[in-house]
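*Asks:* Quick note: the sequence shown uses full-length UniProt numbering, first residue 1, plus one each step.
Any given hint could be a false lead.
What the hints assert, rightly or not - Derived EDC-like pairs: lysine to aspartate or glutamate, alpha-carbon spacing no greater than 16 Å straight-line: (1) Lys-130 to Asp-110; (2) Lys-28 to Asp-76; (3) Lys-140 to Asp-76; (4) Lys-153 to Asp-17.
Unchecked claim - Pairwise CB distance ranges (calculated): (5) Lys-137 to Gln-218: 48 to 54 Å; (6) Gln-57 to Leu-6: 30 to 36 Å; (7) Val-208 to Ile-151: 15 to 21 Å; (8) Ala-213 to Val-119: 32 to 38 Å; (9) Ser-194 to Ser-219: 39 to 45 Å; (10) Ile-143 to Gly-87: 20 to 26 Å; (11) Phe-149 to Asp-65: 19 to 25 Å; (12) Gly-55 to Ala-200: 17 to 23 Å; (13) Ser-12 to Gly-55: 32 to 38 Å; (14) Thr-56 to Thr-175: 42 to 48 Å.
Hints listed in this document are in silico derivations from the structure and should not be mistaken for laboratory results. Glycine residues also receive a C-beta, built at the ideal position from the N, C-alpha and C atoms.
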Amino acid sequence: PFFANLPSEIHSSMYPDVLHQLLQGVIKHLISWIKQILGQKELDLCFQRQPPAHGTQKYENGFPDFSRLTGKEVKDIFRILPGAICGSKVLQDKGENGLCVMKATCALADFYYFATFPVHSDQTLPLMRKALLMFHKNKKGFINLGNPFCIPKLHSLVHYIWAIVEAGALPGFDTQLSERLHSIMAKNPFRSSSGRLDTATKEMALWVERQEAMSTFQSIV
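My request is simple: use the sequences and hints to build the entire structure.
*Replies:* What follows is the structure in structure tokens.
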């Protein structure tokens, strides 16, 4: 590789990205595997059966369209997915493999929520590693049920604990921090502009300056 002869270990400067490696990576693959195992009809029933609860999305029309999901939408789905599939009769009928799928899903959920902790301790990191080992122990359920279990981003999970010890909690390196500014600093200003090619950029810049001035004023009032 191009970095073989570099005088530094370039990989040590690359920290995990929860949005693209977990939410849009491993977790999105996991959800697609479960969809293949259960089928659309059964997955719809699993999501429709979930009772309303604070902080969770209610899916009255069943499982949403999976072709284009944002990180937030994947997060909303994954929040209720372990509980939804554990009550599935189709998955229970898969026997040992179905049980492995349930355990692997719950283990990955544990790993994800540990990874997004804003603060860690000597107790949380071993639990995070335990969850990852539990996922790898039970991933055979997906393989035995015929899923193409091959994703490069899966290996990246082994570096999460090292990254936390080395540089701190992962939310500080999450690209969601910068991507959320796309709506605030680009989409909203463009909607407020004339949309004309020759003036829109200046109008957007002026809009952002005024919003920042109002935010600064509100913070001291």
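*Asks:* Against which earlier hints does the structure fall short, listed by number upward?
*Replies:* Result: hints 3, 6, 7, 9, 12 and 14 break, sorted rising.
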